[in-house]
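K.L.:
The lines below spell out each chain.
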Amino acid sequence: MREVAVVGSAQSPGRAANRRDDMAGILLPVIRTALGQLGLDRDRIDFVCSGSHDFHEGRTFAYIDSLDAVGAWPPIVESHVEMDAAWAFYEAWAWLQLGHGDVALVYGVGRGSVPADLDQVVPSQLDPYYLAPLRPHQDALGGLQAHALIAAGLTSEREMAEIVARSRADAAGNPRAQVVGVVAVDDLLAAPYVAAPLRAHDVAPPGDAAAVVVLAAGDVARELVERPAWVRGLDHRLDGHYPGHRDLTRAPSAAQAGAEAARTAGFTAGQAQVAELHVEYSAQQPLLARALGLGAGVAINPCGGPLAGRPMTATGLIRVAEAARAVHTGRADRTLAHATNGPALQQNLVCLLEGDG
Amino acid sequence: MAEPVAVVGIGQGKQAKRREVTIGAMVREAVAAALEDAELAASAIDAIVLSKTPDLFDGVMNPELYLADALGARGRPVTRVFTGGSVGGHAAIYGAHLIQAGLARRVLVAAYSKESEGNFTWALSRGLPFSAQLGAGAGGHFAPVIREYIRRSGAPEHVGWQVAVNHRLNALRNPYAHVQMPDITLEKVRESPMLWDPIRYLESCPSSDGAAAVVLAGAADVGAPARPPAWIHGMAFRTETGHFAGRDEVNPRAGTDCAADAYRQAGITDPGREIDVAELYVPYSWYEPMWLENVGLAPVHEGWRLVDDGGTAIDGRLPVNPSGGVLSGNPTGATGLVRFLEAALQVRGRAGGHQIDGARRAVGHAMGGASQFHAVWVVGSERP
Numbered sequence: 001m002r003e004v005a006v007v008g009s010a011q012s013p014g015r016a017a018n019r020r021d022d023m024a025g026i027l028l029p030v031i032r033t034a035l036g037q038l039g040l041d042r043d044r045i046d047f048v049c050s051g052s053h054d055f056h057e058g059r060t061f062a063y064i065d066s067l068d069a070v071g072a073w074p075p076i077v078e079s080h081v082e083m084d085a086a087w088a089f090y091e092a093w094a095w096l097q098l099g100h101g102d103v104a105l106v107y108g109v110g111r112g113s114v115p116a117d118l119d120q121v122v123p124s125q126l127d128p129y130y131l132a133p134l135r136p137h138q139d140a141l142g143g144l145q146a147h148a149l150i151a152a153g154l155t156s157e158r159e160m161a162e163i164v165a166r167s168r169a170d171a172a173g174n175p176r177a178q179v180v181g182v183v184a185v186d187d188l189l190a191a192p193y194v195a196a197p198l199r200a201h202d203v204a205p206p207g208d209a210a211a212v213v214v215l216a217a218g219d220v221a222r223e224l225v226e227r228p229a230w231v232r233g234l235d236h237r238l239d240g241h242y243p244g245h246r247d248l249t250r251a252p253s254a255a256q257a258g259a260e261a262a263r264t265a266g267f268t269a270g271q272a273q274v275a276e277l278h279v280e281y282s283a284q285q286p287l288l289a290r291a292l293g294l295g296a297g298v299a300i301n302p303c304g305g306p307l308a309g310r311p312m313t314a315t316g317l318i319r320v321a322e323a324a325r326a327v328h329t330g331r332a333d334r335t336l337a338h339a340t341n342g343p344a345l346q347q348n349l350v351c352l353l354e355g356d357g
Numbered sequence: 001m002a003e004p005v006a007v008v009g010i011g012q013g014k015q016a017k018r019r020e021v022t023i024g025a026m027v028r029e030a031v032a033a034a035l036e037d038a039e040l041a042a043s044a045i046d047a048i049v050l051s052k053t054p055d056l057f058d059g060v061m062n063p064e065l066y067l068a069d070a071l072g073a074r075g076r077p078v079t080r081v082f083t084g085g086s087v088g089g090h091a092a093i094y095g096a097h098l099i100q101a102g103l104a105r106r107v108l109v110a111a112y113s114k115e116s117e118g119n120f121t122w123a124l125s126r127g128l129p130f131s132a133q134l135g136a137g138a139g140g141h142f143a144p145v146i147r148e149y150i151r152r153s154g155a156p157e158h159v160g161w162q163v164a165v166n167h168r169l170n171a172l173r174n175p176y177a178h179v180q181m182p183d184i185t186l187e188k189v190r191e192s193p194m195l196w197d198p199i200r201y202l203e204s205c206p207s208s209d210g211a212a213a214v215v216l217a218g219a220a221d222v223g224a225p226a227r228p229p230a231w232i233h234g235m236a237f238r239t240e241t242g243h244f245a246g247r248d249e250v251n252p253r254a255g256t257d258c259a260a261d262a263y264r265q266a267g268i269t270d271p272g273r274e275i276d277v278a279e280l281y282v283p284y285s286w287y288e289p290m291w292l293e294n295v296g297l298a299p300v301h302e303g304w305r306l307v308d309d310g311g312t313a314i315d316g317r318l319p320v321n322p323s324g325g326v327l328s329g330n331p332t333g334a335t336g337l338v339r340f341l342e343a344a345l346q347v348r349g350r351a352g353g354h355q356i357d358g359a360r361r362a363v364g365h366a367m368g369g370a371s372q373f374h375a376v377w378v379v380g381s382e383r384p
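Respectively, the protein sequence lines represent chains A and B. With the first letter of the first sequence counted as 1, position 8 gets the number 8 in the numbering used here; the numbers rise by one all the way through. With the first letter of the second sequence counted as 1, position 120 gets the number 120 in the numbering used here; the numbers rise by one all the way through.
In isolation and in its complexed conformation, chain A is listed as follows:
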């Protein structure tokens, strides 16, 4: 594998809703910041890849507008995934392996606030013949998964509340977080259910934001940043679709992606000091920790994680950015980023990052 590292990132402030800017308007300052920090001009970028989804913008070809912020002139080498931008990160990393260029820019931009009703949008990713017509609301499958986990003794409502309280407290140190603050676990447990056993705070709050990650290969990475976050292992896998066919207390594709990433990384997920997990529901955190083999010594989502803000289709890429930031700042030598797509953790990506010495 060619040595490729995350050399920089930027993110717009997490907001429940940004009514002022369109997609390109949210993205442009984030690209400027990410490149500015590295002293890079746009013409140094060899490949651009992004992730977003039309359904959140409510119109076709929504991502085309975001290209105005990239400045695709003269013409650029560019691709896009209609998924979380963590999968665009994978495509950019794969492209850099080819040796056709040295620098890639990845962005994710999404707005959870634009759809009038996410309960109408989220179920449309289910089997259109047998599942979508049942119209489960946006958190119904997450609720079933949390229930299964509690029934199996793998978490509890109290542990879920503790995860939320800790995430929000940790987010106080993260200027990009959307929901911040000290809350008492007992107060959280007194809140009503939205999809039993989930309460509103157990649901990662949808938001509007853009995130940018810059990748560079080999010596270019070393020139750009003092401590590159080298991508040592990167893999993603898909599970079957039907919730009724799956054991919702497990995420085999997360475990598989973690094992595959570890194979090339030379270290396992459990040996990371920081793990950034794309949890959409608090109950998924213990599930993922178990699937990935994260012990008590691994700091999970120390920036607050998605429970402190979940911008659509950018949240997985933000996990990569945060895991890399921990390496850049010297807080950790080895970190893990995880991203997910689909209902109840159907598809999962794991990235293992490492700093020099």
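Treat the hints with caution; some may be incorrect.
[As the list claims (entries may be wrong)] Not the full set, but computed from the structure, chain B residues with beta-carbon under 10 Å of chain A: (1) Ala123; (2) Leu124; (3) Gly255.
What the hints contain is simulated information worked out from the structure, not anything from laboratory work. Ideal Cβ placement from N, Cα and C applies to all residues, glycine included.
Chain A is fixed; fit chain B onto it per the hints.
P.N.:
Frame of chain A, contents of chain B only:
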């Protein structure tokens, strides 16, 4: 280029309004056909790329999730690519990149659209800043660009009609093509209703359901199959921004750059002579001469002459779209991949009734958005 990559399996289904099958069944049909052609079990596939145009066309968000079983994708890496109508080309190239990057040995690239489950023209009549809401769909966007091409080139108006006739006659040789119109004539095209001046009804692509799939393998894994592979000699994609007044949508620079990159990789210096057959993304008849010029198969302003003298007909010196092209079938998510795989069928000698004798090098071309997204591959019968 790095490790040579070959197309070792191709599958597609009938392009039509297919209300009798589910999306999953339609995709499975193409995937199974591609695997059978490649003589591979699904377990031999290391990674899957799904090509699909906007999910709003047929209403399923992130369809790769629901299609996990149809694609044979459990436990596999699956990526859903989307770059407008060019997506089938982008997806095929990404699949080949995964092999060249050493991340997979064999990749399945699948593509589909089921336009009959939605309303295509509604979904394409998107609101744009500073633009009147016309509800005019894709034709409304492309018509003024075509008028500008005609103005610059001085092409006579029958050129558009001739392309429509050529492609529909070619489609009669392709059992997968949606539009089957044995009685088509220049007069019929000329008399068909004007939709978006100068685009007439019979100069427009249909809205189709359909799926397609290819299996790609690195040179080390091609082996000696009974049916010969098609080798990728060059491949590229390019994007340009849509809202930049300095761009030329008649002859977009992204398309020119893209083709030039692919030819450079393939060692082609005179594409008009060295390419035996081309599958171009022609959604409206006039795009045949426009793309011939844009991808370097004809001099600028001269592409229409190649049409006019019969050069692009199936028995011409540079046949274009012997499959019938987009004008004869347009499941948008698959349309770009179909152009790519039809080019591959030609150099494998496996295009059946629309085979061009002796085709050794072919171009597959896909275009998307407001002519912003371009993908090209050059495939050949010889290993590069």
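K.L.:
If any of the earlier hints don't hold here, list their numbers in rising order.
P.N.:
none
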